[in-house]
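Peer 1: Chain by chain, the residues run as shown.
2 protein chains.
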Amino acid sequence: MKIVSYRQITPKNFDNKEIKDVIGRVVIGKREGAENFFMRIFEITPGGYTPKHTHDWEHEVFIHFGRGEVYTNGTWHPINADDVIFIPANEEHQIRNNGQDILIFLCLIPSKAPEL
Amino acid sequence: MKIVSYRQITPKNFDNKEIKDVIGRVVIGKREGAENFFMRIFEITPGGYTPKHTHDWEHEVFIHFGRGEVYTNGTWHPINADDVIFIPANEEHQIRNNGQDILIFLCLIPSKAPEL
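Protein sequence lines correspond, in order, to chains A and B. For reference, each letter of the first sequence is one residue, going 772 to 887 in the working numbering. For reference, each letter of the second sequence is one residue, going 772 to 887 in the working numbering.
Keep in mind the hints are simulated off the structure, nothing from the lab. Warning: the hint list may mix true and false statements.
Claimed, not checked - The following residues of chain B were derived to be distant from chain A, with all beta-carbon distances above 12 Å:
| id | residue |
| --- | --- |
| 1 | SER776 |
| 2 | ASN784 |
| 3 | ASP786 |
| 4 | LYS788 |
| 5 | GLU789 |
| 6 | ILE799 |
| 7 | HIS830 |
| 8 | PHE836 |
| 9 | VAL841 |
| 10 | ASN844 |
| 11 | GLY870 |
To be verified - With beta-carbon atoms standing in for the labels, derived distance ranges:
| id | chain 1 | residue 1 | chain 2 | residue 2 | range |
| --- | --- | --- | --- | --- | --- |
| 12 | A | ASP786 | B | LYS788 | 50 to 58 Å |
| 13 | B | LYS823 | A | ASN869 | 43 to 51 Å |
| 14 | B | GLU863 | A | GLY818 | 44 to 52 Å |
| 15 | A | ASN869 | B | GLU863 | 42 to 50 Å |
Cβ coordinates follow ideal geometry from the N, Cα and C atoms, glycine included.
With the rest of the complex left out, here is chain A (with noise of 0.2 Å):
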């Protein structure tokens, strides 16, 4: 068993124009022997986005903390603290965040996918 607070974990950084203000970490992923699927937790501040994109591989995603908008199909949708957003796979999404605070959220992926 391993216990770890995620703020522990070396994050990465991302900032350019497709990914804007997110740090990213896999917290279980190969490192912890996790063979089926890896989760990540990511923190995006005010005015910050996940890049729009689509792959073959779906996304379980849990809102941890603060609000923003997710985008699939032509819509932004709000979301908020307490929120479950299934995506599956080939299905175009995007993450901002347009709230005050950070927005801190759990995004689990197949081990088929990239860790991070």
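Knowing the structure of chain A, use the given hints to seat chain B on it.
Peer 2: Using the frame of chain A, we list chain B on its own:
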């Protein structure tokens, strides 16, 4: 895409000798089209606990709120909000709430396991 506050999902209550004062919800499962892994969210009121058990699939756990303890190999370890726990397959484990507030955590499992 499906977006829902986890609290809107009908919970299942557990209260017997093996598992005390626990509410569980399948928040992403077969119903949502998940094929590789399932997300469940559990709430334990103070004094409650999950069963002490072992099975041949892993748990990926995130503590969303509160504090408690997790058991493995004869020892109880403190757990707090923001902690991530990886419990490998075939490792005995149990979670209890010895705090003053509700304990809320996510527990994800591969799809070969029962949803709840």
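Peer 1: Between A/ASP786 and B/LYS788, does the C-beta distance stay in 50 to 58 Å?
Peer 2: 53 Å, holds
Peer 1: So is B/SER776 really clear of chain A, every C-beta pair being over 12 Å apart?
Peer 2: 5 Å, violated
Peer 1: Per the stated criterion, does the least C-beta distance between B/PHE836 and chain A lie above 12 Å, as a non-interface residue requires?
Peer 2: At about 9 Å from chain A, B/PHE836 fails to clear the 12 Å cut-off, so the statement is violated.
Peer 1: Please verify that the nearest CB of chain A lies beyond 12 Å from B/ASN784's CB.
Peer 2: 19 Å, holds
Peer 1: Once the closest CB in chain A is found, is it more than 12 Å from B/VAL841?
Peer 2: With a cut-off of 12 Å, B/VAL841 comes too close to chain A, as the shortest Cβ separation is near 7 Å.
Peer 1: Against chain A, does B/GLU789 keep a CB gap of more than 12 Å to every residue?
Peer 2: 20 Å, holds
Peer 1: Just want to verify: B/GLY870 was marked as not at the interface with chain A; is every Cβ pair farther apart than 12 Å?
Peer 2: Fine: 16 Å to the nearest Cβ keeps B/GLY870 off the interface.
Peer 1: Does the claim that B/ASN844 lies outside the interface with chain A hold up, using a Cβ gap greater than 12 Å?
Peer 2: It is violated; B/ASN844 is separated from chain A by about 8 Å at its closest Cβ, not greater than 12 Å.
Peer 1: Kindly confirm whether 42 to 50 Å is satisfied by the beta carbon distance between A/ASN869 and B/GLU863.
Peer 2: 45 Å, holds
Peer 1: Holds or violated: 44 to 52 Å for the Cβ distance of B/GLU863 and A/GLY818?
Peer 2: 46 Å, holds
Peer 1: Using Cβ atoms and 12 Å as the threshold, tell me whether B/LYS788 really stays out of contact range of chain A.
Peer 2: 24 Å, holds
Peer 1: Going by Cβ atoms, does B/ILE799 stay more than 12 Å from chain A at every point?
Peer 2: 5 Å, violated
Of the numbered hints given earlier, the model fails hints 1, 6, 7, 8, 9 and 10; all others are met.
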